[in-house]
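Here is how the chains run, residue by residue.
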Amino acid sequence: MKNPNYVSLSCIGIILASLAFPLLVNAQSNPSLSDAEVASVAVAANQIDMSYADIAEAKSKNTKVLKFAQTMKRDHAAVIEQASALVKKLGVTPKDNAVSKKLLADAAQTKKTLNDKSGKVFDKAYIDNEVSYHKAVINTVQTLLIPDTDNAELKQLLQNVLPALKAHLGHAEMLQKNVVQ
Amino acid sequence: MKGFSYRWYGYIFLELIIFLALFNAPGTRKRGKDLSAPRVYTVEISGMKFNPAALVVHQGDKVMFVNHDLVVHDVTEAAKKSWTSSPLGVGKSWSLNVQQSAVYYCSIHPVMRGSITVK
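Listed in order, the protein sequences are those of chains C and Y. Residue 1 is where the first sequence starts when you use the working numbering, and the numbers rise one by one after that. Residue 182 is where the second sequence starts when you use the working numbering, and the numbers rise one by one after that.
Derived from the structure by calculation, the hints contain no laboratory data. The structure displayed is predicted, hence computed values, not measured ones. Be aware that one or more of the hints could be misleading.
The list that follows gives simulated cross-link-like pairs (lysine-lysine, DSSO-like), each with its CA atoms no further than 27 Å apart [what the hints assert, rightly or not]:
id, chain 1, residue 1, chain 2, residue 2
1, Y, Lys243, C, Lys177
2, Y, Lys261, C, Lys177
3, C, Lys67, Y, Lys243
4, C, Lys73, Y, Lys262
5, C, Lys166, Y, Lys262
6, C, Lys177, C, Lys111
7, Y, Lys261, Y, Lys273
8, Y, Lys262, C, Lys64
9, Y, Lys261, C, Lys61
10, C, Lys135, C, Lys101
11, Y, Lys230, C, Lys177
12, Y, Lys273, C, Lys89
13, C, Lys155, Y, Lys230
14, C, Lys67, C, Lys177
15, C, Lys166, C, Lys112
16, Y, Lys261, Y, Lys243
17, Y, Lys230, C, Lys67
18, Y, Lys273, C, Lys73
19, C, Lys112, C, Lys61
20, Y, Lys300, C, Lys64
21, C, Lys73, C, Lys117
22, C, Lys88, Y, Lys262
23, C, Lys89, C, Lys73
24, C, Lys73, Y, Lys230
25, C, Lys135, C, Lys112
26, C, Lys155, C, Lys67
27, C, Lys64, C, Lys102
28, Y, Lys273, C, Lys64
29, Y, Lys262, C, Lys61
30, C, Lys59, C, Lys102
31, C, Lys112, C, Lys101
32, C, Lys101, C, Lys166
33, Y, Lys230, C, Lys64
34, C, Lys166, Y, Lys230
Given these sequences and hints, build the entire structure.
If you want it as structure tokens, here you go:
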């Protein structure tokens, strides 16, 4: 009777280890960013979601999806405006880096995928992507951008943006559950 | 004795003036009225939340919503959309004259909700 339990525990251990391994690799490969690089990632992340919203506005006919896309454009534009004003005040010039380049490369692929879809299939793909994208951005802000930021005002702005990102995620999950099933 | 009487009447007259001044002074009247006057409550919008999210008020009280957040919000009655503010830009405010209890939300960010209860 003991052997099956050992087998089960071993299997669970292997599964957990295999799940944790990519996370550890990812954490170790995360570069340390300067404030100029943090600013670049923050601006890129906001611009990417605005570009997804542009596609939604061009392709969707669902009023709730369209209203969500308008909100994304308006909110992320407001964040970019405040980030731009702050980096100007601080004399920081956003600097491209591995993280911002990876975000932009992934976004190009996602935009291609979204542009290939239409109708309800597009609506579902757009909202599903908004859920996963906001989860990824929230994680990046919490675990990479905020810890790596030296300037107190830039760090505060990133902390202030988090509730908006979480509200966007909650809104997208509402649509995912009730509108684009 | 006659002089004393005039002085006595003078004191009474003075006391009358003081009494009338105390009980009819504008400030005194205002304080008396304020006990039953409508109150003004403030709900601050910040961090994608209404703060406080739950208010208990009397009918006729006012609730002023002030947007101190990073982005535009609105305040909309949830059940029948019977009242709504226009979109409130950053730093803008809007007041509601409360007539009945209501659950409200931000129609731009539907995860933001609050309530007003009339007691």
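Distance restraint between Lys112/C and Lys61/C, which requires alpha-carbon spacing of 27 Å or less: Judged against 27 Å, a Cα distance of about 19 Å means the pair holds.
Hinted pair Lys73/C and Lys262/Y, Cα distance within 27 Å: Holds, at roughly 24 Å.
Within 27 Å, alpha carbon to alpha carbon, are Lys261/Y and Lys61/C? Holds: Lys261/Y and Lys61/C sit about 24 Å apart, inside 27 Å.
Under the criterion that the straight-line Cα-Cα distance not exceed 27 Å, is the pair Lys261/Y, Lys177/C satisfied? holds, 22 Å
Does Lys135/C pair with Lys101/C here, judged by a C-alpha cut-off of 27 Å? holds, 19 Å
Just to be careful, I want the Cα atoms of Lys273/Y and Lys89/C compared with a cutoff of 27 Å; is the pair within it? holds, 24 Å
Compare the distance between the alpha carbons of Lys262/Y and Lys64/C with 27 Å, and conclude whether the hinted pair is satisfied. Distance of about 16 Å is within 27 Å: holds.
What's the verdict on Lys67/C and Lys243/Y, does the C-alpha distance respect the 27 Å limit or exceed it? The hint is violated at about 30 Å.
Within a Cα-Cα threshold of 27 Å, do Lys155/C and Lys67/C meet the stated pairing? Distance of about 30 Å is beyond 27 Å: violated.
Taking only the CA atoms, is the gap from Lys273/Y to Lys73/C under or equal to 27 Å? holds, 20 Å
Within 27 Å, alpha carbon to alpha carbon, are Lys166/C and Lys230/Y? holds, 11 Å
Pair hint Lys64/C and Lys102/C, alpha-carbon separation not exceeding 27 Å: violated, 30 Å
Hints 1, 3, 20, 22, 26 and 27 from the earlier list are contradicted by this structure; the remaining hints agree with it.
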